[in-house]
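Q: Given next are the chains, with one letter for each unit.
Protein chains: 2
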Amino acid sequence: MAASFMKKVPLLMPKLQKQLAIKSYLEPVRPDLERVDARIRAQSDAFDPGITGYVEYAAESSGKRLRPALVLMAAHATGGVREEQIDLAVVVELIHLASLIHDDVLDNAEVRRARPTMNAKWGVELSVLLGDCLFAHALKLCTRFEDAAISRAVADAANEVCTGEILQTQRRYDLNLSVPDYLRIISMKTAALFRVSTELAARLNRAPGIMVDALRIYGDAIGTAYQIYDDCLDLFGSEAGFGKTLGTDLKKGKLTLPVLHTLQQLNPADLAKVSEALLHGNADDHEAILRRVVEMGGHLYSVRKAQELLEKADKSLEVLPSNDYTTRLRDFARAFHKELDGLK
Amino acid sequence: MAASFMKKVPLLMPKLQKQLAIKSYLEPVRPDLERVDARIRAQSDAFDPGITGYVEYAAESSGKRLRPALVLMAAHATGGVREEQIDLAVVVELIHLASLIHDDVLDNAEVRRARPTMNAKWGVELSVLLGDCLFAHALKLCTRFEDAAISRAVADAANEVCTGEILQTQRRYDLNLSVPDYLRIISMKTAALFRVSTELAARLNRAPGIMVDALRIYGDAIGTAYQIYDDCLDLFGSEAGFGKTLGTDLKKGKLTLPVLHTLQQLNPADLAKVSEALLHGNADDHEAILRRVVEMGGHLYSVRKAQELLEKADKSLEVLPSNDYTTRLRDFARAFHKELDGLK
Chain A
1 MAASFMKKVP
11 LLMPKLQKQL
21 AIKSYLEPVR
31 PDLERVDARI
41 RAQSDAFDPG
51 ITGYVEYAAE
61 SSGKRLRPAL
71 VLMAAHATGG
81 VREEQIDLAV
91 VVELIHLASL
101 IHDDVLDNAE
111 VRRARPTMNA
121 KWGVELSVLL
131 GDCLFAHALK
141 LCTRFEDAAI
151 SRAVADAANE
161 VCTGEILQTQ
171 RRYDLNLSVP
181 DYLRIISMKT
191 AALFRVSTEL
201 AARLNRAPGI
211 MVDALRIYGD
221 AIGTAYQIYD
231 DCLDLFGSEA
241 GFGKTLGTDL
251 KKGKLTLPVL
261 HTLQQLNPAD
271 LAKVSEALLH
281 GNADDHEAIL
291 RRVVEMGGHL
301 YSVRKAQELL
311 EKADKSLEVL
321 PSNDYTTRLR
331 DFARAFHKEL
341 DGLK
Chain B
1 MAASFMKKVP
11 LLMPKLQKQL
21 AIKSYLEPVR
31 PDLERVDARI
41 RAQSDAFDPG
51 ITGYVEYAAE
61 SSGKRLRPAL
71 VLMAAHATGG
81 VREEQIDLAV
91 VVELIHLASL
101 IHDDVLDNAE
111 VRRARPTMNA
121 KWGVELSVLL
131 GDCLFAHALK
141 LCTRFEDAAI
151 SRAVADAANE
161 VCTGEILQTQ
171 RRYDLNLSVP
181 DYLRIISMKT
191 AALFRVSTEL
201 AARLNRAPGI
211 MVDALRIYGD
221 AIGTAYQIYD
231 DCLDLFGSEA
241 GFGKTLGTDL
251 KKGKLTLPVL
261 HTLQQLNPAD
271 LAKVSEALLH
281 GNADDHEAIL
291 RRVVEMGGHL
301 YSVRKAQELL
311 EKADKSLEVL
321 PSNDYTTRLR
331 DFARAFHKEL
341 DGLK
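Residue numbers (this note's numbering), protein chains in the order written: chain A, 1 to 344; chain B, 1 to 344.
Treat the hints with caution; some may be incorrect.
The list cannot tell twin chains apart, which means a pair is met if one copy fits it or any two copies do.
Said to hold, decoys possible - Taking lysine to any residue pairs in the SDA-like style, the calculated list, with each CA pair at most 25 Å apart, reads: (1) Lys252 / Gly123; (2) Lys338 / Asp314; (3) Lys338 / Gln43; (4) Lys315 / Leu300; (5) Lys121 / Tyr173; (6) Lys121 / Lys251; (7) Lys252 / Pro49; (8) Lys64 / Ala46; (9) Lys254 / Thr52; (10) Lys315 / Gly79; (11) Lys64 / Lys338; (12) Lys121 / Arg172; (13) Lys252 / Trp122; (14) Lys121 / Asp103; (15) Lys23 / Asp284; (16) Lys254 / Gly53; (17) Lys23 / Tyr173.
In short, the hints are calculated from the structure, not lab data. Quantities reported herein were computed from a predicted structural model and do not represent experimental measurements.
Whenever a hint applies, use it, and build me the whole structure from the sequences.
A: Pasting the structure below:
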């Protein structure tokens with residue numbers, strides 16, 4: 001049932017069958033990123049021999065390393081990459097990996113980045129505990145920062161990620177979830193780590209407050225736009241093209257921007273029908289909802305919202321010194337914006 | 001089935017129907033403990049309003065606060081309780097609470113300290129995420145310590161707790177698990193937090209290395225003995241008397257000291273029978289195993305092993321200055337020892 005559902009829906013938004021090409025914009029930091037990657041893989045040595053295999057599996061994921069790349073670009077833009085920023089990149093990625101492991105447990109997801117998830121491979125118990133271990137390890141690495149305010153901000157962001165997830169869980173099947181509340185939740189659960197990536201990279205370079213603030217705004221806007229894109233992907237994407245379990249949001253009552261926007265446009269009679277289909281419908285009913293969402297411009301609205309955030313991100317960097325990396329950060333926001341154009 | 005199982009087995013060890021009275025030995029630090037308790041409750045203010053209710057529920061548990069009490073006693077014994085040790089007590093208890101929340105999820109436990117567990121009340125998703133939040137918050141509080149080595153040791157201990165749990169999960173149904181391996185696992189999953197409680201309390205007072213080491217040995221021995229007692233409780237205790245879900249270890253193939261000791265005494269034919277009952281048996285078969293364990297002295301051996309550790313704990317403190325609190329720490333080990341005598 002789930003499989004046929006996933007086969008039909010992408011026809012609605014054929015463009016969502018391929019990965020965004022934004023990854024190529026991270027190329028300038030490729031050498032630093034390889035250092036970060038090597039260091040992430042080396043972390044398994046710090047664990048008990050009985051669990052290094054699992055840590056290696058988690059670390060070897062072929063993820064985009066988007067957060068580390070942003071740490072490195074923000075560092076370059078504000079004076080250069082020092083050892084502490086490599087540490088920061090490792091720490092934010094480990095927290096991200098830990099949160100993905102727990103997410104996959106809670107979503108019962110079987111595939112992530114074209115590989116079996118840890119829970120599919122080794123079960124729920126191991127996955128919950130391994131997420132905890134990675135989490136503890138990341139926060140231990142934080143103690144290397146001379147300025148305790150850096151560790152505090154990272155731990156805060158980790159807390160925010162989980163809190164955002166809890167708030168989202170609480171609002172499942174809540175047809176009254178407003179767009180601002182949705183945006184606040186995704187700013188917590190996703191943008192928090194993007195925000196500390198760019199902000200703290202600048203702070204570690206002792207950049208002036210105005211630049212630190214700008215990079216904070218930049219990270220927040222990129223992260224929020226990224227989550228909107230990811231939520232569209234879950235609704236309209238093709239599982240084969242992305243190597244992860246999709247289509248879980250509607251099934252679990254997680255109402256995301258395209259759906260929320262549509263719900264808010266409906267007259268009371270239609271709203272009642274769609275609500276009924278959301279709450280008690282089967283896969284066919286859910287597919288009908290998605291067709292309705294597209295007809296009523298829910299996906300267009302969402303793409304546009306993400307683009308607004310990317311414009312904000314781009315503009316926020318006007319206060320940065322104009323150098324190659326400031327340009328690259330702005331180019332990244334613009335390229336992401338342009339790719340989203342293609343989804344309209 | 002489980003219920004009748006739990007009613008019959010305590011007859012084997014009637015003494016395990018009441019809580020140990022060791023709590024009274026923590027009375028001297030009651031006023032400090034109340035400060036710690038108030039501060040633990042106040043932590044909920046640091047969380048998003050959407051989740052403070054859950055944090056309060058977790059914080060309001062009527063636990064013994066054994067780890068904070070040990071922090072405070074070790075601090076008193078080595079010069080007095082300063083603000084940093086109150087923080088340490090809060091941090092170790094929060095990590096403990098977070099790990100209990102995840103344990104209850106993984107054990108599917110419904111009752112803890114005579115109240116519904118978080119997963120029984122609010123489900124698995126919320127419980128996993130709330131555990132993560134508490135964990136992140138505890139490690140954030142660690143950044144208050146001036147000496148980063150303190151936070152590092154706490155994060156290490158948190159990692160060790162989860163690693164110990166993973167190792168235990170890996171060895172389920174492993175009839176070849178040796179007693180030293182079992183002891184190593186419980187030293188990680190339980191004693192690690194006891195160890196940092198006493199060790200770091202002394203380090204924060206800049207106590208001489210020999211005293212810090214002694215308190216580390218003390219905490220490790222007390223924590224390991226406590227887990228052996230707790231494992232006996234799960235096998236032989238009465239659910240009504242302890243207000244928590246018991247009898248899950250055997251059902252989940254978690255082989256603990258009384259059972260391991262018995263397995264290692266059996267001749268091959270009996271071992272094959274008991275193994276079959278362990279792997280594929282029902283509640284009656286498990287009860288028969290427990291009778292066998294008692295007959296073959298598995299519980300006596302375990303009680304004795306815990307007592308040896310308590311003797312080691314007592315003796316380790318000989319190098320401490322003789323003052324009221326050193327005496328109280330030693331009395332605590334001795335009282336625990338004496339209570340275990342009653343279980344023979």
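Q: Please go over all the hints and tell whether each is borne out by the structure.
A: Hint check results:
For a Cα distance limit of 25 Å, the shortest separation of Lys252 from Gly123 qualifies both inside one copy, at 20 Å, and across copies, at 14 Å. Proximity of Lys338 to Asp314 under the C-alpha cut-off of 25 Å is restricted to the intra-copy arrangement: shortest distance 13 Å within a copy versus 70 Å between copies. Taking the closest pair of Cα atoms, Lys338 and Gln43 never come within 25 Å of each other, the shortest separation being 37 Å inside a single copy and 44 Å across copies. In this assembly of identical chains, Lys315 and Leu300 lie within 25 Å of each other by CA distance solely inside one copy; the values are 22 Å within and 72 Å between copies.
Taking identical chains as interchangeable, the C-alpha atoms of Lys121 and Tyr173 lie at most 25 Å apart only when they sit on different chains, with a minimum of 19 Å there against 30 Å within one chain. Taking the closest pair of Cα atoms, Lys121 and Lys251 come within 25 Å of each other both inside a single copy (23 Å) and across two copies (22 Å). Taking identical chains as interchangeable, the C-alpha atoms of Lys252 and Pro49 lie at most 25 Å apart only when they sit on different chains, with a minimum of 24 Å there against 37 Å within one chain. Taking the shortest Cα distances, Lys64 and Ala46 sit within 25 Å of each other inside one copy (24 Å), while across copies they are farther apart (33 Å).
In this assembly of identical chains, Lys254 and Thr52 lie within 25 Å of each other by CA distance solely across copies; the values are 22 Å between and 34 Å within a copy. Taking the closest pair of Cα atoms, Lys315 and Gly79 come within 25 Å of each other only inside a single copy of the chain (20 Å); across copies the shortest separation is 56 Å, beyond that limit. In the homo-oligomer, the alpha carbons of Lys64 and Lys338 lie at most 25 Å apart inside one protomer (19 Å), although the nearest pairing across protomers, at 59 Å, exceeds that limit. In this assembly of identical chains, Lys121 and Arg172 lie within 25 Å of each other by CA distance solely across copies; the values are 17 Å between and 28 Å within a copy.
Both within a single protomer and between protomers do Lys252 and Trp122 lie at most 25 Å apart by alpha-carbon distance, with minima of 23 Å and 16 Å respectively. Taking the shortest Cα distances, Lys121 and Asp103 sit within 25 Å of each other both inside one copy (15 Å) and across copies (20 Å). Taking the closest pair of Cα atoms, Lys23 and Asp284 never come within 25 Å of each other, the shortest separation being 35 Å inside a single copy and 59 Å across copies. In the homo-oligomer, the alpha carbons of Lys254 and Gly53 lie at most 25 Å apart only across protomers (22 Å), although the nearest pairing inside one protomer, at 33 Å, exceeds that limit.
Neither within a single protomer nor between protomers do Lys23 and Tyr173 lie at most 25 Å apart by alpha-carbon distance, with minima of 34 Å and 46 Å respectively.
Violated hints, listed in ascending order, are 3, 15 and 17; each of the other numbered hints is respected by the structure.
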